[in-house]
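Peer 1: As a plain string of letters, each chain reads:
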Amino acid sequence: GAVVSQHPSRVICKSGTSVKIECRSLDFQATTMFWYRQFPKQSLMLMATSNEGSKATYEQGVEKDKFLINHASLTLSTLTVTSAHPEDSSFYICSAAGTTDTQYFGPGTRLTVL
Amino acid sequence: GQNIDQPTEMTATEGAIVQINCTYQTSGFNGLFWYQQHAGEAPTFLSYNVLDGLEEKGRFSSFLSRSKGYSYLLLKELQMKDSASYLCAVRDGTNAGKSTFGDGTTLTVKP
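Protein chains in written order, with the working numbering: chain F, 1 to 114; chain Z, 115 to 225.
Note that these hints are calculated values from the structure, not bench results.
Just so it is clear, the structure is predicted and the values come from calculations on it, not from any experiment.
Honestly, I wouldn't trust all of these hints.
[Unchecked claim] Listed next, the in silico EDC-like pairs over lysine to aspartate or glutamate satisfying Cα-Cα at most 16 Å (straight line): (1) K41/F <-> E123/Z; (2) K41/F <-> E155/Z; (3) K182/Z <-> D166/Z; (4) K224/Z <-> E128/Z; (5) K224/Z <-> E170/Z; (6) K171/Z <-> D196/Z; (7) K41/F <-> D217/Z; (8) K190/Z <-> E169/Z; (9) K14/F <-> D88/F.
Required output: the full structure, derived from the provided sequences and hints.
Peer 2: Here you go:
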């Protein structure tokens, strides 16, 4: 149990385009989903917390207009990186938490912006 | 806020036992997690402690002392595949479900 999927696993895009990443909890209802970014050899950096049906809570320094988060249902959250630039290239990881609050992570999405 | 400290790197020998420590200073506490992360992959859940004491799960055990703000992850009978980064994360008592992660301890297991 507690499987979280993420799609796509890898994406390469041109500078200025937008990229959408999907995060799904496959076998449980996620009351809360989290989005992280991780640069090579660094720890996870929490970007935002999202609850189903409400606006996401962004961490300090994370631009909400650049990283759009939608949590449309208890099993799906999406992160859209708008007008992507090379500095946005990173490993984006989502996690989902149900009633136990244990976070289960998706496999991650490696974004490369050319 | 939360401040979490764990060693940056550790090295151990295959078949041995290794203990990875984590200390935390928090404004609120509602549980501590350990995750394993292999290079290029997402973290996977190992353990969760909310009460003092030792939780054993196969080759892995996790200990918590809330009064000391201290936890450790104990790995027994080390295998080469245990080479990974181990992340300590503290769940915030004020924001349900939100956890703060330490920088991780990179464990290298040598033959």
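Peer 1: Does each hint fit the structure? Answer for all of them.
Peer 2: Verification of the supplied hints:
1. Proposed proximity of K41/F and E123/Z is supported: the alpha carbons are some 12 Å apart, at most 16 Å.
2. Taking the CA atoms of K41/F and E155/Z, the gap is about 12 Å. The hint holds against a cut of 16 Å.
3. Among the hinted pairs, K182/Z with D166/Z is consistent with the structure: their alpha-carbon atoms are about 10 Å apart, no more than 16 Å.
4. Taking the CA atoms of K224/Z and E128/Z, the gap is about 6 Å. The hint holds against a cut of 16 Å.
5. At most 16 Å may separate the alpha-carbon atoms for a hinted pair to count; K224/Z and E170/Z exceed this at roughly 24 Å.
6. In summary, the hint linking K171/Z to D196/Z is supported, as the alpha carbons are separated by about 15 Å, within the 16 Å threshold.
7. Between K41/F and D217/Z the alpha-carbon distance is near 9 Å, which keeps this suggested pair within the 16 Å criterion.
8. Between the alpha carbons of K190/Z and E169/Z the distance comes to roughly 14 Å, so the proposed pair stays at or under 16 Å and holds.
9. For a cut-off of 16 Å, the pair hint linking K14/F to D88/F stands: about 11 Å separates their Cα positions.
Violated hint: 5 only; the structure is consistent with all others.
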